[in-house]
Amino acid sequence: MTNMVAINNQHHANLRITEHAHTQGANQHLVPIVTSEINKLIVHYPVVLTKFDDTGKFGLSALLGFEEGENLFWQQGRWEAVYVPAQIDRLPFFIGSEQQSDTVNHVLCVDMDNAAVNESEGSALFDNTGEPTAFLAEKQQILAQLLDGESQNQMFIETLQSLNLITPITLDITFENGANTSITGLYTVDEEKLGALSANAITRLHTEGWLQTIYTLAASNAQIYALIDKKNKAIKQGDAWFEN
Amino acid sequence: MKNFPITRIVVVGGGSAGWLTAGRIAAEHQCASSERIQVTLVESPNVPIIGVGEGTWPTMRSTLIKLGISETTFIKECNATFKQGAKFAQWRTGKKDDFYYHPLMLPQGFSKGNLGPYWQTTQDDLGESFSHAVCFQEAICEAGLAPKSIRHAEFAGTANYAYHLDAGKFTQFLTKHCQEKLGVKHILADVSDIVSHENGDIKSLLTQQAITIEGDLFVDCTGFKSKLLGEHFQVPFIPCDDVLFIDRAIAVHVPYEQESSPIASHTISTAQDAGWVWDIGLQSRRGVGYVYSSKHQSQDDAYERLESYVNLDNKGLFNQLKPKEITIKSGHRKCFWQNNCVAVGLSAGFLEPLEASALVLVELSATMIAEQLPANRQVMDLIAKRFNDTFSYRWQRIIDFLKLHYCLSQRDDSEFWRDNRESTSIPESLHELLDLWQYHPPSDLDFTSNNEVFPAASYQYVLYGMGFKTQLQPHQQWVDIHFAKQQLAQNQKVRSMLVEKLPAHRELINKINQFGLQAV
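Chains as they are written, first to last, in our numbering: chain A, 1 to 244; chain Z, 1 to 520.
Same shape as in the complex, but just chain Z:
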């Protein structure tokens, strides 16, 4: 096999994964103005797009900036709203008033000291949950406020934020933007056959429309089918349904009662007896869905749970919402980059949307491919190995973190929750962390890889939110009490100021639609 430069990138599949990856590579390598690298996206004119998750991470802001997309345009075109984290309701005890937040901001003073142990020992006197005591974002979310004002520049804000978006509209928007602004070539055709080189690399794709597409690197964004990596290269799928039991979803679009109804600026995740309901507020509707374990609940009961959550006045109305059923296979491919083919999106794997990990994994993959695009075929194998190591680690971390939400629950109202606490269902790596935290408060030092997906703060929010207690020893040096008090007081001060100052989420969205945000 000759060593040749990698210049022709072929992305197969036109969902959000395909367009984000194509756009990210094209932007990085200036395909609009230079011929050096060519990015072609081929998609079937006939395959419907599965809109994965409507929740994003704050990384989406830098992704949009890298793609040269204006925040105002994005918000207008994609029915988008602001997301400031997630509210987990009824996960710990299942009672009506049981909730905690996983906000998108670090605890106050996080870089200077760990407030966790101080909070744990004084929580009864403080009378405030961890997420509320150390971060002002929960209060903003509870008050239905936006993370910024109309005077903030695009992508700037008072509080850190991500977005909720309409995945279908986002894909349409990217389709146009990537072609018009970033120089991605678009081919509508159905891939029918794959022609290989002697070493097994993909040489070209044959299509039903009789177009042959040659390439040096192929990105598999074909969704659950995993046409290239799974079907062609036969890379096995590693299920994790022994850890995460969710295998079904029922999704509906729920209209707002009124055009002026408030929009939640966080994802609401409400635990049920065999899974949980997501509730995401877009501009014109809410996206609501129930993900559950079919081993623990019948389909009829699941429908009933969702219907009762949506709580419409009239029974017939629920069926008019045309609930959509989706079968979920939790897990990921054994590796993600094989020969000259790398999978991004559902073709690489899927996990329940509890922490909105789908789009962020696409962004992380697209970033690594774009920024470390192999210079030539020889070095590609090295990059592939590094990519596989990085993403195997990341998938495992996400699986651990999702499981953490379940395995600490005190709910005892169903087999689903009891099974989730079974020691054998908890991965070894998570066991290890939980054992460590038995005696050491969770801290930044527990996570030292460059490839962490969730910072230590995220673990703290979930652990303390779920009522986890470290057996703290008096001799352990925690944090200076003065410092801790000062930080909590500072958070309190900023919290009350911002609750007065920030506009309602709906109000800001209306203003952005009317006046737009300024670039600076």
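Extracted from the complex, chain A is given alone in its bound form:
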């Protein structure tokens, strides 16, 4: 459940956020991402395209696990990674939209139902003078990045589609304990078609600023092996637990 409330420095002068805000992502096996963070994401995560359930349209996500509810980056109650995806890092904050005549205003909101929101511990939102703290400023910046990313993502995906560069990936994985899984519904960049693009198309991608993003996304596929490794380690830990 979420309970979105617009933030102001009077009502929320004493609000603090503990480090448990990321708990909401504990059971996600995919997290939506924006193109501007792909360079950082590839340190850990395979970046993939997936389709939205209700529209079938493509979106960009980081892959966190191999089945519904499995987040291999969530360990011992915290997000175990140098870089946490923006969509998780912004928690428990949201951007709300306010319709004012013909313009839409964006307002910073907080989810009052998130267990990390309290008045006694964690990072404060405002200082004594009512100015936003560095903590809040950073979150605002992340939210701005996400907001900006919506249209960027769409442009990126349309570019990939116009060049027929999207291709499905099917993963048939056997883990160390012998368990098999076959994962469908993930898509990536077709490297063969990418390699066969005309000079004109490449120039266009370069000019529009997408060329690097495309190659980075393709390279991130290698992180699937790291993710399998994480899963194998998790399985071993589970076994060790029972053996002891």
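The hints are simulated quantities; they were obtained by calculation from the structure and are not laboratory data. Cβ atoms here follow ideal geometry from the backbone N, Cα and C, with glycine treated the same way. Hints should not be assumed to be uniformly reliable.
Partial list, computed: chain A residues near chain Z (C-beta under 10 angstroms) [what the hints assert, rightly or not]:
(1) Thr50
(2) Lys51
(3) Asp54
(4) Thr55
(5) Gln161
(6) Asn164
(7) Ile166
(8) Gly185
(9) Asp239
Heads up, simulated DSS-like pairs for lysine-lysine below, C-alpha to C-alpha not over 27 angstroms straight-line [to be verified]:
(10) A:Lys51 <-> Z:Lys511
(11) Z:Lys295 <-> A:Lys57
(12) Z:Lys493 <-> A:Lys51
(13) A:Lys193 <-> Z:Lys181
(14) Z:Lys66 <-> A:Lys193
(15) Z:Lys501 <-> A:Lys57
(16) Z:Lys225 <-> A:Lys57
If you want a taste of the chain Z side facing chain A, the calculated C-beta under 10 angstroms gives, among others [said to hold, decoys possible]:
(17) Ile150
(18) His152
(19) Lys511
(20) Gly516
(21) Leu517
With chain A fixed as given, assemble chain Z onto it according to the hints.
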């Protein structure tokens, strides 16, 4: 006669047969980017198009792919919906709850074993019809669900499917697509005369608009008129009205009650006392029609049957639907390719739309012409012979299969049904199969030609649906009981899962119109 390469293809007639054939040849031979083969379609600016059948086969998916048409665009432009087979209601006993399905998917485990005999011997305990017990598609159709979700790529799906389409819109769509994307040349003119070579080949067409159209191969898509093959070459028409009695149709467009009314994702075919009613759900309306035998029923009674099927609140409303009458001549030309002229579509022949065979025959013909386009005039006669053999066989198979729906009926409420069971009305080839199935369960081995139109599974669906029983002998080795049980259990499992998971047909169509399907 000199031996020259075949490079100029002239298609006469601009209905769905004409455009599908022209488009298929042009796509195969890359007419948009190469001058090697030229495809010209000439059609009269004055002849109205008869929209043949709104039902297709799954082959239409590969045809659309070959023509480079996006599924989303096709669905939007042609008022199209998904078709997952046909429901035959009241064919067997005529009672209200009497129905079976001919789905578009093979019985579970079909390639590994034949479930037919097992089902026949255990049907009373199973309490499930054949089509329901061995295939999950009937359950999807009964629940009004689509064969796929919005997350499926174009032309992909959970269940096999074809389409229902608005034939008029489809023709308009093809007219534009074939010219703009595939390089088909379009001439609007009325053919008035035919100029022949010495060997009888067509040399050119003269038109009222004073344009002369020369060609190496002429495709006759002139509809029932069969202007080139029938009128010019005098190839005789072989009627089959002694087998299939339907000779009239009355068709109406029925609006949905509401914009959000469910759309059936199968053709509904409901038997009457002198024929049957088709019911096809498009996006914005239903296409409903009664085909009947005028030897067995008066026109007034036929109108009454259709009106009562459509079942509108108000009597006057039915006439406002402007019922359209069509005279049907069941049968086909003696051959389809004569000299340098090949007929495709109604000019080749026509059969009642019971199994939506019209468009699929066009697709099959267009495919064979496109893929085996004669390299030169000399080899054309050989290709023509092969084409004629192939399609004579196919027409006969379709006639047999259509007759099968009628001759097994237990209905005794009219002469129409009794006449349909008359032994003399059943073709020899069908007699032979029925005799075989008396003692041997229908199986894949009964159909060994490369040119089969209906697989053995289709015969099984109709035979078992109509209550046909093989006299099985205990010593006959059927199928492993474990295997059979496993397959039926598997079907049951998938069936209940899919009924939960798949979206309503209308809902998916709305989403495709709003968001489109992705190419991958």
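Against the structure, the hints:
no.	hint	in the structure
1	Thr50	9 angstroms, holds
2	Lys51	4 angstroms, holds
3	Asp54	7 angstroms, holds
4	Thr55	4 angstroms, holds
5	Gln161	7 angstroms, holds
6	Asn164	7 angstroms, holds
7	Ile166	5 angstroms, holds
8	Gly185	7 angstroms, holds
9	Asp239	31 angstroms, violated
10	A:Lys51 <-> Z:Lys511	14 angstroms, holds
11	Z:Lys295 <-> A:Lys57	55 angstroms, violated
12	Z:Lys493 <-> A:Lys51	26 angstroms, holds
13	A:Lys193 <-> Z:Lys181	23 angstroms, holds
14	Z:Lys66 <-> A:Lys193	20 angstroms, holds
15	Z:Lys501 <-> A:Lys57	19 angstroms, holds
16	Z:Lys225 <-> A:Lys57	48 angstroms, violated
17	Ile150	3 angstroms, holds
18	His152	8 angstroms, holds
19	Lys511	7 angstroms, holds
20	Gly516	8 angstroms, holds
21	Leu517	6 angstroms, holds
Of the numbered hints listed earlier, those contradicted by the structure are 9, 11, 16.
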